[in-house]
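Student: Line by line, the protein sequences are chains E and Y.
For the first sequence, the residue numbers in our numbering are 658 to 1084.
For the second sequence, the residue numbers in our numbering are 12 to 344.
Hints listed in this document are in silico derivations from the structure and should not be mistaken for laboratory results.
Treat the hints with care, since some could be wrong.
Residues on chain E that point at chain Y, a partial pick, calculated with CB under 7 Å [claimed, not checked]:
no., residue
1, E823
2, Y824
3, L828
4, E851
5, G857
6, L919
7, A922
8, E923
9, P967
10, E971
11, Q976
Ranges of calculated distance between the beta carbons of each label pair, as one might list FRET restraints [stated by the list, open to error]:
no., chain 1, residue 1, chain 2, residue 2, range
12, E, E1081, Y, D83, 51 to 57 Å
13, Y, P245, E, A896, 34 to 40 Å
14, Y, R248, E, G844, 48 to 54 Å
Cβ atoms here follow ideal geometry from the backbone N, Cα and C, with glycine treated the same way.
This is what each chain is made of:
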Amino acid sequence: MSDHPTFVLKGGRVVDARGERLADVVVADGVVRAVGVDLSADRVLDASGCIVAPGLVDVHTHLREPGREEAETVETGARGAALGGYTAILAMPNTTPAIDSAAVVNQVLELGRTAPCDVYTSGAITVDRAGEQLAPMAEMAALGVRVFTDDGAGVQDNRLMRRAMEYATGLGVTLAQHCEDDALCGGGHMHEGEWSARLGIAGQPAEAEELMVMRDIALARLTGCRIHFQHLSTARSVAMVRDAVAAGLPVTAEATPHHFTLTHAECASYDPVFKVNPPLRTEADVAAVRAGLTDGTITAIATDHAPHTPESKELPFDQAPPGMLGLETALALALTELALPLPVLLGAMSWNPAKVAGVDDVHGRPVAEGEPANLCVIDPEITWTVRADAMASRSRNSPYEGRELKGRVRHTILAGEPVVIAGEPQR
Amino acid sequence: MIGRHLLEVEDLGGAEGIEEVLRLTDSFVEVSERAIPKVPALRGRTVAWLFYEDSTRTRLSFETAAKRLSADTMNFSVGSSSVKKGESLRDTARTIEAMGIDAIVVRHASAGAPHRIAGWVDASVINAGDGWHQHPTQALLDCYTIRQHLGGIAGRHIAIIGDIKHSRVARSDVEAFTALGAEVTLVAPPTLLPPSLDGWPVRVSHDLDAVLPTVDVAYLLRMQRERMTEALLPSLREYTSTYGLTIRRAELLRPDAVVMHPGPMNRGVEIAADVADLPCSLILDQVRNGVAVRMAVLYLLLGAGTSLGATGPTDPSGSPETTQTRAEEATGE
């Protein structure tokens, strides 16, 4: 924004899609003005010992507005995103009403205009996400919607999904799928296996996810439509996507921090803070998701940030809604838990998801002169303890409460404006 | 031995802890047989029932046990309470506790509900059945009944027959029976077994006729009619013909073998009416022992610090010598 003073991010190491280098970064008028050594400006933001990277991009955020503002709003969600290093988030359409029409798309985009993070929205594939009738995708695409999904549910009907994919190719948009066969995991609340058997909780078999991944790969072959698999959670899902990518199909996939850090054993506490869809799975699945991130099968880390009020999680496991907070812990979990080279890790959190979301003209750009100044400055060495109370979210359902993590966002720059300075939100 | 709560069989601390409860139960069986079957052990203590699921026999059994120990009891009837008005589990539990309750006995259709409550209150929480998960006092009364009739559990072969998948009784019994050294065989169609038996020290069979001649105990589970709608079985008729304890099958049992069932029975489905009434059927002994076992559990959880001797003189029925000794042993640990 042009009314913000020129400043320099001083003393950091720039990491972007082009590589790594020690450099100062001067920002003015919403763009990167200069990148080089020993640069100066009226104002200095300390980046010594830090990584200066393109702002992070989350392709999977539940903002709850409209409809469940007691759990989160566009504003509080976006503030948490900014604190987590994100400069762009993609809202999921499972609001009330669902984001399945131009009117609701406009409402969410309007709410996002003043937020400390660029808020984009996906649109529903089917009317009210009911899986019965195609939503007006062209009408929403005309407002800039680039990703369509019924997230929270997968499109169950084979023929309807085929038609949605065919129709989407005409609009040049991507379909994103929450893969879960309802008939196979209906009534389940956690991964079906050793722990669900012992705990007496109805399970969701891994095959419920895998069947839909398999079907959608087949439909991508049939229709040529780009499909993005949301929150892959099983070893065989990862393997199928790996083969599909190798076969040249237009397929991408994301994984969440909880699916590469937690297993179904956590459910033994019966605390629904560990209840999520798809569910936490086995150690072998966690290892496979990590391997998928390492070899590039899974190109994006997405939060699936899903706020729920404390009351709604103060219920027995099978009665509580699934979902976990993620925006303020995702980067630190990736830095702490994944042994990925920085450019690969940041690629998975910035420029790869920017492409999936269709926002790569503004976000995930190289840190170079003339580029939009959407940046984050990360202190990779600092350790901190997760406290849900201290988060910007209206909800508290973090499964990482009390966990010590390494790496935290120091500054976040949105269109040239420092929206987070030294870990403090500026608006 | 036992901690503050009894949420699952594991809380009893293995064979030693289970044996301790069974020994104490002996004393309370003796109390129950007296003309005035009542001791003052828990006078001044209050126990509340929080039953989110219908249960006549378990609640009545706990209530009888508490009253024979002279505890005050309250019934938090969910059907007519604020729970119906949308009060959360946490608020309900804390509300009850705020009234000065010492123990909450919980029955809930959701696995883990008593565990959650235990995390929110200071009172002792006793699990009286949570979903498909656990029913620890049922396991204790089953152990007691087997010991009473067969002299011991170690080395015995026990078949648990029927809907294991959805059974809290099966999960608790497997843990308790195997902890005490029994061999356990689960007999069920694959659709009624848990999705994984990793870590379960049991054998599995789908052939009841082959198993029955080898068992000391045939433990039948209730077959619920709603399983038909979930495509788990073709029909009740087929279930009865393959897994029901019919008169013909009962003849395969060894002469000294016994038949058990946690109730309520579906006569004619998992058990033939005539089999339920045979002398080898311990079904009513289970019910009878349930009261004494629950007295033992309540005493172990709430009796610490109270001495039967101190309250004894004011008790018209007197305090049984054996109970006193056992109780002091128990609370001294």
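Student: Min Cβ distance, E823(E) to chain Y: is it shorter than 7 Å?
Tutor: Interface hint status for E823(E): violated (33 Å vs cutoff 7 Å).
Student: Let's test the interface hint: is any C-beta of chain Y closer than 7 Å to that of E971(E)?
Tutor: holds (4 Å)
Student: Take a look at whether the Cβ-Cβ distance between R248(Y) and G844(E) falls inside 48 to 54 Å.
Tutor: Taking Cβ atoms as reference, R248(Y) and G844(E) lie about 26 Å apart, which means the hint is violated.
Student: Less than 7 Å between beta-carbons is the criterion; does Y824(E) satisfy it with respect to chain Y?
Tutor: violated (34 Å)
Student: Report holds or violated for the interface hint on P967(E), using the least CB-CB distance to chain Y and a cut-off of 7 Å.
Tutor: This hint is violated: P967(E) lies away from chain Y, its Cβ roughly 9 Å from the closest one there, beyond 7 Å.
Student: At a threshold of 7 Å, is the proposed contact between L828(E) and chain Y supported by beta-carbon distances?
Tutor: violated (40 Å)
Student: Min Cβ distance, E851(E) to chain Y: is it shorter than 7 Å?
Tutor: Holds. Min distance 4 Å.
Student: With a cut-off of 7 Å, does the beta carbon of E923(E) approach a beta carbon of chain Y closely enough for the hint to hold?
Tutor: Check failed: Cβ of E923(E) comes no nearer than 13 Å to chain Y, outside 7 Å.
Student: Between the beta carbons of P245(Y) and A896(E), is the distance compatible with 34 to 40 Å?
Tutor: Cβ of P245(Y) to Cβ of A896(E): about 36 Å, so the range 34 to 40 Å holds.
Student: Hint validation: G857(E) versus chain Y, beta carbon distance must be below 7 Å. Holds or violated?
Tutor: G857(E) check passes; min Cβ-Cβ to chain Y is 3 Å, inside 7 Å.
Student: Between the beta carbons of E1081(E) and D83(Y), is the distance compatible with 51 to 57 Å?
Tutor: holds (55 Å)
Student: Next item in the hint list is L919(E). Is there a CB on chain Y closer than 7 Å to its CB?
Tutor: violated (17 Å)
Violated hints, listed in ascending order, are 1, 2, 3, 6, 7, 8, 9 and 14; each of the other numbered hints is respected by the structure.
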